[in-house]
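Kindly produce the complete structure, drawing on both the sequences and the hints.
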Amino acid sequence: MTTILGIHLVLLGVGASLLVVKATTLGGIYDPLIEQVRLVQPNLDPARILGYLFGFSPNGWTITGMASVDNLEDVIGGHVWVSLLCIGGGLFHIISKPTGWAKQILIWSGEAYLSYSLGALAIAGFSVAVFVSTNEIVYPSVFYGPIGSNSVRAALASVHAGLGFLALVGHLWHAYRARAATRKVFYGTFFDFMAKNVAPIRPA
Numbered sequence: 001m002t003t004i005l006g007i008h009l010v011l012l013g014v015g016a017s018l019l020v021v022k023a024t025t026l027g028g029i030y031d032p033l034i035e036q037v038r039l040v041q042p043n044l045d046p047a048r049i050l051g052y053l054f055g056f057s058p059n060g061w062t063i064t065g066m067a068s069v070d071n072l073e074d075v076i077g078g079h080v081w082v083s084l085l086c087i088g089g090g091l092f093h094i095i096s097k098p099t100g101w102a103k104q105i106l107i108w109s110g111e112a113y114l115s116y117s118l119g120a121l122a123i124a125g126f127s128v129a130v131f132v133s134t135n136e137i138v139y140p141s142v143f144y145g146p147i148g149s150n151s152v153r154a155a156l157a158s159v160h161a162g163l164g165f166l167a168l169v170g171h172l173w174h175a176y177r178a179r180a181a182t183r184k185v186f187y188g189t190f191f192d193f194m195a196k197n198v199a200p201i202r203p204a
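Residues 1 to 204 in this note's numbering are what the sequence shown lists, from first letter to last.
In silico SDA-like links for lysine to any residue, alpha-carbon gap of 20 Å or less:
#, residue 1, residue 2
1, 103, 180
2, 103, 89
3, 22, 81
4, 103, 117
5, 22, 83
6, 97, 1
7, 184, 107
8, 97, 109
9, 103, 3
10, 22, 40
11, 22, 11
12, 184, 110
13, 22, 42
14, 103, 182
15, 184, 173
16, 22, 35
17, 97, 108
18, 103, 179
Derived CB-CB ranges, DEER-like:
#, residue 1, residue 2, range
19, 30, 102, 41 to 47 Å
20, 102, 22, 32 to 38 Å
21, 33, 64, 17 to 23 Å
By construction, these hints were calculated from the structure, which means they are not laboratory data. The beta carbon of each residue, even a glycine, is placed where N, CA and C say it ideally should be.
This is the structure in structure tokens:
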């Protein structure tokens with residue numbers, strides 16, 4: 001499992017780095033503040049960039065967290081950090097083996113892996129929905145319509161929120177089945193009723 005996780009992290013890091021290269025050297029990206037394409041000098045200040053994860057924006061604390069970013073320097077700087085962390089973490093997971101506590105806490109089966117992946121997709125879906133709904137730097141109004149309007153922006157946010165919800169339900173569904181199969185106990189819940197004709201996957 002750690003090798004699978006590592007490969008995915010490396011690929012995500014490479015994807016983030018490609019955006020950084022495009023924004024900084026290969027023609028730049030569109031800046032809605034000046035309404036033209038320009039090269040971006042990324043802000044690499046860790047306190048500034050990582051602060052967004054906890055809701056700390058340049059204008060103070062906000063519930064929107066990362067979606068409160070209001071300039072391309074921070075956007076691209078964030079992608080630099082994402083690239084470094086994903087590639088570094090990916091290589092670590094590729095060359096390392098699970099620790100003792102991870103072997104005890106996590107479930108090691110195909111159903112569990114699917115659950116973990118769907119959980120990550122749910123977070124991504126909800127995060128994008130918030131970004132689309134509140135951020136005009138990453139999703140400029142000239143392309144997606146004004147915030148709060150009945151436009152492509154609203155449709156895009158709704159689609160991502162819906163997909164995020166479906167992924168969350170799938171995450172809970174497969175997490176329950178993986179845990180129930182490990183314990184060999186089925187509790188007669190809604191998930192059991194829905195899966196009554198589905199043969200449970202029991203890890204060897």
